[in-house]
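Asker: Below are the chains, spelled out letter by letter.
Protein chains: 2
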Amino acid sequence: MYDVARKAGVSVATVSRCFNDSGPVGEQTRLRIERVAEELRFVPNRAAQSLRAVRTHTLGVVVPDLHGAFFSELLRGLDQAARAHRYHLLVAGSHGSKDEIRAALRSMSGRVDGLVVMNPDVSAFTIEANLPPRLPVVLLGERDRPASENLDTLGIDNAAGAAAMTRHLLGLGHQRIAHLAGTASNHDAAERLRAYRETMAAAGLSTDGLVFEGDFTEEAGYRAGERLAGLDARPTAVFAANDAMAVGAISALRAHGLRIPNDVAVGGFDDIPLARYLSPPLTSVHVPIDELGARAVERLGVAIEADTPLPSRQVTLPTTLVVRASCGAPA
Amino acid sequence: MYDVARKAGVSVATVSRCFNDSGPVGEQTRLRIERVAEELRFVPNRAAQSLRAVRTHTLGVVVPDLHGAFFSELLRGLDQAARAHRYHLLVAGSHGSKDEIRAALRSMSGRVDGLVVMNPDVSAFTIEANLPPRLPVVLLGERDRPASENLDTLGIDNAAGAAAMTRHLLGLGHQRIAHLAGTASNHDAAERLRAYRETMAAAGLSTDGLVFEGDFTEEAGYRAGERLAGLDARPTAVFAANDAMAVGAISALRAHGLRIPNDVAVGGFDDIPLARYLSPPLTSVHVPIDELGARAVERLGVAIEADTPLPSRQVTLPTTLVVRASCGAPA
DNA sequence: CTGGTCAGTGTAACCGGTTACACCGCTGGT
DNA sequence: ACCAGCGGTGTAACCGGTTACACTGACCAG
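Each protein sequence line maps, in turn, to chains A and B. Counting in our numbering, the first sequence runs from 1 upward without gaps. Counting in our numbering, the second sequence runs from 1 upward without gaps.
If you're looking for bench data, these hints aren't it; they were derived computationally from the structure. Do not take every clue at face value.
In this list, chains with the same sequence are indistinguishable; a pair is considered to hold if it fits within one copy or across any two.
Think about it this way: if two alpha-carbon atoms lie no more than 25 Å apart in a straight line, the pair counts; the simulated DMTMM-like pairs of lysine to aspartate or glutamate are [said to hold, decoys possible]:
no., residue 1, residue 2
1, K98, D21
2, K7, E298
3, K98, E39
4, K98, E38
5, K7, E128
6, K98, E34
Work out the full structure, taking the sequences as your base and the hints as a guide.
Answerer: Spelled out as structure tokens, the structure:
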């Protein structure tokens, strides 16, 4: 900037004002500065700007993984909302490791105005300890009540969704309904499993030997599907804790010559965009993923704008059952 | 930091040295500083650090969209590679608009050490004009030769992949092979279409009425599939310019009572992770998406480390045909 | 003619760190 | 006894912008 100022024969203050419309600049001067800036390919240094302005116009996002349809959707929702509020996104994958979350959070300090954190296993306490005191944070799908005022919590109604799916399958006459569980340490996964168990129990049915461990990947779904296909008392329905595992399970069941939904009915969770295009279209529990992102950004935007700590709230978004062909329900 | 220094009874220099191991600090002093820092929840301001150090340990990523399996995979590849090199990721979606690309690029200045840009329609020139002169940039899938020394180009062999797929379908005896084209302005899409046309022509076959416009989405694939199903001289095979459209097309064809691959053979492009789990598993052209990310980060890392402009290169990664069941080839 | 207003501009402090350099006191070799 | 070397520490300049404040000259109302 100093170079631009010198070459244009003005001071840095004038250049700054010219670029930000933050004060009167003579027409001639403005033109001269703009020409020189282009010539020198001057682009303001955002780090310096945010240092001085204390505003970065950037939101940080920390998610366990960048992989898969769910996070892709989430990121899209966040991106859209962020753009609408004129924010940029600084993204980090934490890969579930506490050290990496720590590093990711610390790397955000001073570079973001607010933070969206999805933390499967790490406590809110750990998050706070690695962040500057007054930074607004929205936690996605957190189990515990937030520890401080700056933490806001946004989750989805896992239990209601899982219960609805289980009841739906029960309503179709299924008795042996298997569950492909998600990553054990994950809160969402645990909730879905719990609701499945409770709903089955409420119907007087046992879940012994019907719960298969998984980790939310297609591969885990495939492996579970294979084991399931070989069972003596084969379940007549499968409720996967997410759509990716449902896809994997269907693939394995098909490979074993079983028809969906005739031989085995299948339901998923998340309702990823792809679900409706699968064959058969996948019955799933719709999660308003993009709304999750939109709400998170919204909350942060308000807190940042007002420069006031986030009033600690806990919001749970509803989930809805979306019936398609994979469960064998009549159209 | 000043507060920490005062409370610990030392100067800011000592606090800095303590945090970065950049100089000797007495054992007692170190303990005292660490205790105070934790108490005050002091986290160093990265913006200030990078301003002084001129290093940000962050790579910028500008992609047309954050949505879909392809970008999800790309982001994952970039994230993995970045982590391996101890870099963070600053992500922006450009949404194909020139203004947004401009804004995204300008927002990166001073916040990243290097940049990965995927620019479907915008010229390398536009990119350079909105970036500081010496910033290393890797262009993903760019058409033109880069304009400057700092621009590196990384692409995939679209033509070879599309030709291989077309030849494969021809080899299975198909004559009326339709093509679901990607976004018209997109370079990859154009290349795939061109190679398809040339391969068909080389086999003495016409492509009149066999090319359907699309935009890389499942929905576009579905719509094309519907039109295709209703055709009098229905194509016996479909080559979609990406897997998402293949999925959509399959869904539509199935909805019209057609069997895959018996009635219509289908091939895709990208080989997204899901492809193998579809029913039937999708024949596709494998694109080393994660390697794309890894290579890009690698190149940037070298240029940053050496603090020398990127020797302008143009690298094209090979693509390979992956035959699965959706094309009806014998196992 | 004078004082106030305002467009247009420059000077310098400041944001929050890093680091070159200076300084002090102690140890140990000669 | 003297000086080099080193551990431990402080001072202040610097990174690249923003902005409060001061200043100048033109214009205008009283």
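Asker: Could you run down the list of hints and mark each one as holding or not?
Answerer: Hint by hint, here is what the structure shows:
1. K98 with D21: between (44 Å within a copy, 22 Å between copies)
2. K7 with E298: neither (43 Å within a copy, 37 Å between copies)
3. K98 with E39: Close across copies (20 Å), not inside one copy (47 Å); limit 25 Å.
4. K98 with E38: Classified as between: cross-chain Cα gap 17 Å, same-chain 45 Å, threshold 25 Å.
5. K7 with E128: Classified as between; 21 Å across copies, 47 Å inside a copy.
6. K98 with E34: between (48 Å within a copy, 20 Å between copies)
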